[in-house]
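Novice: Read off the chains here:
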Amino acid sequence: METRKNPLSIRIIYWLTQISFWLFVAVFIGAFAFNIALQLELLGDKMQIHAGLMSEVKYTEKGSLYLFGQNQEVEFVEGTGKVHFINTNVVIAKWIGGLMLGIVSIFLYVFLMFKRFIGNVYRGDIFERFNIQMLQKMAYGLAGLWFFMIIYSRLFYYVVAKHIEFEHLEITGEMESYSYVLFIALFLWVLSHIFMTGVKLKDEQNLTV
Amino acid sequence: MAIVVNLDVMLARRKMSLTELSNKVGITMANLSILKKGKAKAIRFSTLESLCKVLDCQPADILEFAPD
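Going down the list, the protein sequences come from chains H and S. Under numbering that gives the first Met the number 0, the first residue of the first sequence carries the number 0, and numbering increases by one thereafter. Under numbering that gives the first Met the number 0, the first residue of the second sequence carries the number 0, and numbering increases by one thereafter.
Treat the hints as calculated values from the structure; they're not laboratory data. Quantities reported herein were computed from a predicted structural model and do not represent experimental measurements. In this text, a Cβ means the ideal position worked out from N, Cα and C, and glycines have one as well. Treat the hints with care, as some may be off.
Claimed, not checked - When the alpha-carbon atoms are kept at most 25 Å apart in a straight line, the in silico DSS-like pairs for lysine-lysine are as follows: (1) S/Lys52 - H/Lys201; (2) H/Lys161 - H/Lys61; (3) H/Lys199 - H/Lys114; (4) S/Lys38 - H/Lys201; (5) S/Lys52 - S/Lys38; (6) H/Lys93 - H/Lys45; (7) S/Lys35 - S/Lys23; (8) S/Lys35 - H/Lys199; (9) H/Lys199 - S/Lys40; (10) H/Lys4 - H/Lys201; (11) S/Lys38 - H/Lys199; (12) H/Lys61 - H/Lys81; (13) H/Lys199 - S/Lys14; (14) S/Lys40 - H/Lys201; (15) S/Lys14 - H/Lys201; (16) S/Lys14 - S/Lys38; (17) H/Lys81 - H/Lys114.
Claimed, not checked - Not the full set, but computed from the structure, chain S residues with beta-carbon under 10 Å of chain H: (18) Asn30; (19) Ile42; (20) Arg43.
From just these sequences and the hints, can you work out the full model?
Specialist: Rendered as structure tokens:
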């Protein structure tokens with residue numbers, strides 16, 4: 000019997016997905032346990048929390064650059080960063096923890112669908128109805144993730160970041176649109192339709208005598 | 000479907016079993032069964048040729064157009 004050997008690319012992505020998925024599951028379990036402890040107020044109110052600042056920052060301090068024998072005045076205009084909540088109040092920590100768990104949960108769902116899809120491809124089951132479902136679920140999951148991230152970043156800016164005051168730093172209202180996430184979701188949606196055609200052709204091929 | 004496969008009729012006329020036909024034509028029983036039950040979406044010219052040779056008939060003896 001002829002044994003089927005997968006192309007190197009499929010083998011690489013399969014094993015990378017397997018390893019990174021289980022690592023992510025471990026992270027998710029940690030995050031989940033952390034959140035439970037947070038919601039039950041078991042961790043006290045001296046938490047050191049880092050939250051991603053999803054809007055751009057501008058450093059108002061000017062600097063100098065010596066380049067090609069010339070002195071050049073420079074200014075750092077666009078950057079991103081994280082806000083470190085020092086000795087975080089438990090109410091704030093609960094909100095941040097809950098929102099982050101939401102993002103991580105949606106990402107885990109999308110990752111699980113991807114793992115199942117890649118697993119099927121690895122086994123040689125490519126044009127299957129199950130794969131179409133996986134692709135559609137991934138697309139919807141990513142669209143949901145995009146929406147959640149948009150809401151989270153806007154909420155974080157208007158509720159938190161806008162009210163933070165620094166001496167040499169200005170947090171601008173320019174926020175990322177995360178359009179690449181939506182683009183990947185749309186691409187996966189299109190791919191699911193291509194797979195639908197593939198399944199139809201395969202069915203016809205199987206019923207051709 | 001508008002195309003009717005009369006393979007069972009031809010087999011009965013030639014007093015041949017599906018297994019025998021499968022062995023002579025070189026098509027699996029599963030595929031011949033799909034054809035016989037009218038579930039096939041398409042038939043290859045090579046398959047039709049083999050069937051006609053073994054059953055000593057014309058394509059029209061196997062396939063028939065019946066308007067819905």
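Novice: Each hint should be assessed against the structure and marked as holding or not.
Specialist: Results for each hint:
1. S/Lys52 - H/Lys201: violated (29 Å)
2. H/Lys161 - H/Lys61: holds (22 Å)
3. H/Lys199 - H/Lys114: holds (24 Å)
4. S/Lys38 - H/Lys201: holds (15 Å)
5. S/Lys52 - S/Lys38: holds (23 Å)
6. H/Lys93 - H/Lys45: holds (13 Å)
7. S/Lys35 - S/Lys23: At roughly 16 Å apart (the allowed maximum being 25 Å), lysine 23 of chain S and lysine 35 of chain S satisfy the hint.
8. S/Lys35 - H/Lys199: holds (22 Å)
9. H/Lys199 - S/Lys40: Between lysine 199 of chain H and lysine 40 of chain S the Cα gap is close to 11 Å, so the pair holds against 25 Å.
10. H/Lys4 - H/Lys201: It holds: about 21 Å lies between the C-alpha atoms, which stays within 25 Å.
11. S/Lys38 - H/Lys199: holds (15 Å)
12. H/Lys61 - H/Lys81: Satisfied, since the Cα-Cα distance of roughly 21 Å is no more than 25 Å.
13. H/Lys199 - S/Lys14: violated (37 Å)
14. S/Lys40 - H/Lys201: Holds, at about 11 Å.
15. S/Lys14 - H/Lys201: Distance of about 34 Å is beyond 25 Å: violated.
16. S/Lys14 - S/Lys38: holds (23 Å)
17. H/Lys81 - H/Lys114: violated (30 Å)
18. Asn30: It holds, given that the least Cβ distance between asparagine 30 of chain S and chain H is near 5 Å, below 10 Å.
19. Ile42: Nearest chain H Cβ about 5 Å off; hint holds.
20. Arg43: holds (7 Å)
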